[in-house]
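Using the sequences and the hints given, assemble the complete structure.
From first to last, the protein sequence lines are chains A and H. First residue of the first sequence? That's 452 in our numbering, and the numbers climb one at a time after it. First residue of the second sequence? That's 6 in our numbering, and the numbers climb one at a time after it.
Just so you know, these hints were derived from the structure itself, not from any lab. It is possible that some hints are incorrect.
Unchecked claim - DMTMM-like mimics (lysine to aspartate or glutamate), calculated; alpha carbons at most 20 Å apart, straight line:
#1 Lys-207(H) <-> Asp-228(H)
#2 Lys-562(A) <-> Glu-668(A)
#3 Lys-207(H) <-> Glu-85(H)
#4 Lys-613(A) <-> Asp-155(H)
#5 Lys-221(H) <-> Asp-113(H)
#6 Lys-613(A) <-> Glu-125(H)
#7 Lys-237(H) <-> Glu-205(H)
#8 Lys-160(H) <-> Glu-625(A)
#9 Lys-237(H) <-> Glu-125(H)
Remember, it's a predicted structure, so these values are computed and weren't measured experimentally.
Listed below, chain by chain, are the residues.
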Amino acid sequence: MSAFLQYTLQGLAAGGFYALSALGLAVIFGVLGVVNFSHGACYMLGAVISAVLLAELHVGFWVALVVVPILMFGFGVLMERLLVRWLLALDPLYNFLLTFGLTLILVEAVKQKYGVSGLPYEVPAGLGGQVSIGSVNLSVYAIFACLFSVVVCVAVGLLLTKTRIGMIVRASTEAPERTRALGINVGRWVTPVFGFGIALAGLAGVLAAPTRAITAEMGSNFIIILFAVVVIGGLGSILGAVVAGFLVGLVEAYGIAYAPTYAQIVIFVLMALVVLVRPSGLFGREEVA
Amino acid sequence: MSDETTTTERTGAAAETPAAQGSSRMLEVTGLSAWYGEARVLTDVAIDVAPGEVVTLVGRNGAGKTTLLRSVMGLHRQIEGTISLDGTDLTRRSADARARAGIGWVPDDRGIYASLTVAENLLLPPVVHADAWPLERVYEFFPVLHERRDFPGTKLSGGEQQMLAMARVLRMGSRLLLLDEPSEGLAPVIVQRIGEIIREIKGQGVGVLLVEQNVKFASTVADRHYLLAQGKVVEHLGNDDFRARESELLTYLGM
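Following this line, the structure appears as structure tokens:
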């Protein structure tokens, strides 16, 4: 029982990283129609920047938690303005290829600069060790990461459902052309939404930094699982991205614990089952012909 | 078309629609041609709509009616010719700028957002004109929208969605409504209600450009009619002529 609870917590913590990143992927896809392949690399950058800030500038975790998403927002804005924007009018495949190429560049650049062995990062003071609840020992940092992800997801959810900006983002996500025909300059929201999506991936990277090996390649596997998350949740569904993120985190953690050989396969079996039963994902809307 | 028809067109238009003459035109489309790739779907189309006037585009499927509406809205960009509203050339403006200039979009699928509530569907577009209906007035005129204001937009019935789509552009204060087949798939009693709404809108000096397959319905609300065939305006009739020749037109249109 104790072990099961530990796996569950590990799963929910990892799920938080998936949920935050998938949320970013979903808003970008919704408003721009771009599948951002570099999302895993942005998650990696979030972790690497945190590690570099700590090692070279002695900037700790709490500051990184604020500063890194802001830096990644700026990176996303540049990426959209300088690159993604010029391909938006073309087939979405072009931006998929662009962001794929960008991923290779980012990964190689980080490898050149920081090598292939992991960068060190310790669990921040105050969040180390274990807490005992009855006979169960749980990692304090995992509890923190999990709660923090939930809080951010809820905050983003409120932003999307309770504000005018959120209303415009939802409308643009559902029907960009119609939204323009109703007098809304959808293009004006494209850059900030892209930056916001990238910032969420960066935030997931910061949260992951104390618990993962920080390497140039850490995003490569992550992005593949992230695509599974988005397919399970339903492409373009915000709620789906979050729920599927936590779900996949749990399934992965149980897989690693109880069937290590099949841990990676389990996620994709889940994806296949969901697609068989509901082709548009758990929360995806059925395509209207 | 024969010379006889051309005569009918001239006299019909002049007799029926004094409002459309001179400088009182609201929407003016001249020399409009449109393409999808290499295929030409509209050829040298000229139409106009005056304030408080209801003008229909009638024609078979594929005649280019919806392309014409989309070109006026700025959603179809592969065009030649000019589109102006109240004397302002909008041809090079984006769809959202045209909407803010006063063109209201009511697409044939109603265009209601599933991810927005009924109230949010109404509040999404910016208010673009001083004559815009305040929300209270919208709810007073469409009580069902008030009752269902917190429902997701697409939980409404087809007729209610059509009303929501029209209410939305009235709340926005659009001066010219582009209505694409508002009566399609609706029960007769609802179609009648849509007709009442159109007459109410007309009474306020709002112009309406209406695409309609239902010739009978069109003749109960419209002032003038343009007949489109193969991307060209082949006839331009006042409503009396239109009614007098209804059965002939139905045969001609293959309806």
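Hints, one by one, checked against the model:
For the suggested pair Lys-207(H) and Asp-228(H), the alpha carbons sit about 10 Å apart, so the restraint of at most 20 Å is met. The straight-line distance between the Cα atoms of Lys-562(A) and Glu-668(A) is roughly 8 Å, inside the 20 Å bound, and the hint therefore holds. Restraint check for Lys-207(H) and Glu-85(H): the C-alpha separation of about 30 Å exceeds 20 Å, so the hint is violated. With a CA separation close to 13 Å, the supplied pair Lys-613(A) and Asp-155(H) stays within the 20 Å bound.
Distance check on the hinted pair: Lys-221(H) and Asp-113(H) sit about 18 Å apart at the alpha-carbon level, within 20 Å; holds. Using a Cα cut-off of 20 Å, the hinted pair Lys-613(A) and Glu-125(H) holds, with the two alpha carbons roughly 10 Å apart. Between Lys-237(H) and Glu-205(H), the direct Cα distance comes to roughly 31 Å. Violation of the 20 Å bound is thereby established for this hinted pair. A threshold of 20 Å between alpha carbons decides the hint, and for Lys-160(H) with Glu-625(A) the separation of about 16 Å falls inside it, so the pair holds.
For the suggested pair Lys-237(H) and Glu-125(H), the alpha carbons sit about 39 Å apart, so the restraint of at most 20 Å is broken.
Of the numbered hints listed earlier, those contradicted by the structure are 3, 7, 9.
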